[in-house]
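A.B. asks: Protein chains in written order, with the numbering used here: chain A, 25 to 388; chain B, 9 to 137.
Check before you lean on any hint, since a few could be wrong.
In silico lysine-lysine, PhoX-like type, Cα no more than 25 angstroms apart, as pairs [as the list claims (entries may be wrong)]:
#	chain 1	residue 1	chain 2	residue 2
1	B	Lys135	A	Lys42
2	A	Lys315	B	Lys99
3	B	Lys135	A	Lys29
4	A	Lys287	A	Lys362
5	A	Lys42	B	Lys62
6	A	Lys59	B	Lys99
7	A	Lys38	B	Lys135
8	A	Lys346	B	Lys99
9	B	Lys130	A	Lys370
10	A	Lys38	B	Lys130
11	A	Lys287	A	Lys328
12	A	Lys42	B	Lys99
What the hints contain is simulated information worked out from the structure, not anything from laboratory work. Quick caveat, the model's predicted, so the values are computed rather than measured.
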Amino acid sequence: MELQKTVLSEDHIKLEAKMAAFAGFSMPIQYTSVKDEVSSVREKVGIFDVSHMGEFLVTGPDAAKFVDFLITNDFYEVENNKAVYSPLCREDGTVIDDLIAYKISNEEVLICVNASNIKKDWSWISSQTQKFDVSLTDKSQDYSLLAIQGPDSPKLLIELGVLKKEEIEQSSFPYYSIKKVSIEGSQMIIARTGYTGEDGFEVFSPSPEITKQLWSQAIKNGGQPCGLAARDVLRLEVCYPLYGHELADHITPLDASLKWTVKIKKPSFIGKDFLSSYEPKYKLVKLALEKGIPREGYNILNSKEEIIGKVTSGTLSVMLNKGISLGLVEKDKFPKDKRFFIQIRKNIFEASYQTKPFFKGGHK
Amino acid sequence: MSHLFPSHLKFTEDHEWTELKSDIATVGITDFAQSALGDIVYIELPEAGTEVSKGDSFGVVESIKSVSDLYSPLSGTIVEVNMALEDSAEKINEAPYDSWIIKIKVSSTDELDSLLTSEGYKSHCEKNS
Numbered sequence: 025m026e027l028q029k030t031v032l033s034e035d036h037i038k039l040e041a042k043m044a045a046f047a048g049f050s051m052p053i054q055y056t057s058v059k060d061e062v063s064s065v066r067e068k069v070g071i072f073d074v075s076h077m078g079e080f081l082v083t084g085p086d087a088a089k090f091v092d093f094l095i096t097n098d099f100y101e102v103e104n105n106k107a108v109y110s111p112l113c114r115e116d117g118t119v120i121d122d123l124i125a126y127k128i129s130n131e132e133v134l135i136c137v138n139a140s141n142i143k144k145d146w147s148w149i150s151s152q153t154q155k156f157d158v159s160l161t162d163k164s165q166d167y168s169l170l171a172i173q174g175p176d177s178p179k180l181l182i183e184l185g186v187l188k189k190e191e192i193e194q195s196s197f198p199y200y201s202i203k204k205v206s207i208e209g210s211q212m213i214i215a216r217t218g219y220t221g222e223d224g225f226e227v228f229s230p231s232p233e234i235t236k237q238l239w240s241q242a243i244k245n246g247g248q249p250c251g252l253a254a255r256d257v258l259r260l261e262v263c264y265p266l267y268g269h270e271l272a273d274h275i276t277p278l279d280a281s282l283k284w285t286v287k288i289k290k291p292s293f294i295g296k297d298f299l300s301s302y303e304p305k306y307k308l309v310k311l312a313l314e315k316g317i318p319r320e321g322y323n324i325l326n327s328k329e330e331i332i333g334k335v336t337s338g339t340l341s342v343m344l345n346k347g348i349s350l351g352l353v354e355k356d357k358f359p360k361d362k363r364f365f366i367q368i369r370k371n372i373f374e375a376s377y378q379t380k381p382f383f384k385g386g387h388k
Numbered sequence: 009m010s011h012l013f014p015s016h017l018k019f020t021e022d023h024e025w026t027e028l029k030s031d032i033a034t035v036g037i038t039d040f041a042q043s044a045l046g047d048i049v050y051i052e053l054p055e056a057g058t059e060v061s062k063g064d065s066f067g068v069v070e071s072i073k074s075v076s077d078l079y080s081p082l083s084g085t086i087v088e089v090n091m092a093l094e095d096s097a098e099k100i101n102e103a104p105y106d107s108w109i110i111k112i113k114v115s116s117t118d119e120l121d122s123l124l125t126s127e128g129y130k131s132h133c134e135k136n137s
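Produce the complete structure using the sequences and hints provided.
C.D. replies: In structure tokens, the structure reads:
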């Protein structure tokens, strides 16, 4: 099967990015080095082409009500121009995907989903509309998505003429909110969201020309192009889950320690009955290593060297220069002494169990 | 992107280089390999005295995003290990052909003929990139 290309594909090749197949797309994995790219996002500003992500537009009188019914987190009650992170579950509580829903108004909602789940999500969501007056459009092929992330991201958006200084202040454009902006007649949706833990923006662009223009101007103004490898390190440093790793088809959000995203008190949503009485089987743990790099699939052991779980994501943290990981541990095997070990090939290393994210990003 | 393929070295298809002087083979990973791996951040080294057969995994090299086995290009006994790399694995990125990993006292120099020449290895890389 031929890989899909984003509108910036040629730009990535010109920049000599390492390209690889991801979720059916040819995507940039890294441009310069993962270390440079991660540091740029933490200290200055990095730009990511994440146009592989899927976008669904929900419109109609019941749009916000419908999305509230679909997802486990609160949505109907949130104000216009707000974004909400949520799992998308089946009746049995298992996770189909995790997503961000952007409430443009009660009649218009944009949902951003993982590229690898576009088909699965679309068939699920479009099968749930019977009781609602909504129409659904798959915009995944129409929208490009640029993520502009890092402490200098507001400055960069001002320099690019996307937003004025007064429009970008936290008071008028807070974290997890959105703005509609017209650039040369094209309606952009700009969200103060991201997957790095830093202050940053995601720009949904329906115009290939403007996407290309923003990309090249951002680079000219000092934005560091960043690939998916840096993106994964950045999200893991701040302990954001990734579908296919911490979340999957066979577990519920409660198994991945995402209780805060499941609003049991909401009047009705898919999975409510099941999740209301569900006792989680797993607990998501944050484990760091001084020596060795934890990787997905490695065994997590207790002090008696019994296997109690598995690493779901692991990497070397660029900011901390040590191995960091998230893992799912069987809840009834969670060690009372809170001592955890990770097996790396023939060796067993004691890990330090953390209750806070490994790194604190700068977003407000 | 262009890579270095020094003509005085021999290569494996798994991207190790080796240089044989009398019966001691010096082994490292190639410029192509380090570039494909990206930032190398960790190396797991064997102990001196370990016996290896051609094709055996003798260690592991890790970049931020990947884990790769290191394979012995020749059979013999590992007589020396570049322990300095444990604290400076990034040297392999900077100078792959100066950053030797192990030295093997080979059991037979005949195996050398089964390895790739720099030309052969270069075309192997072109096919696989």
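A.B. asks: Among the hints numbered above, which are violated by the structure, and what are their numbers in rising order?
C.D. replies: 4, 5, 9, 11
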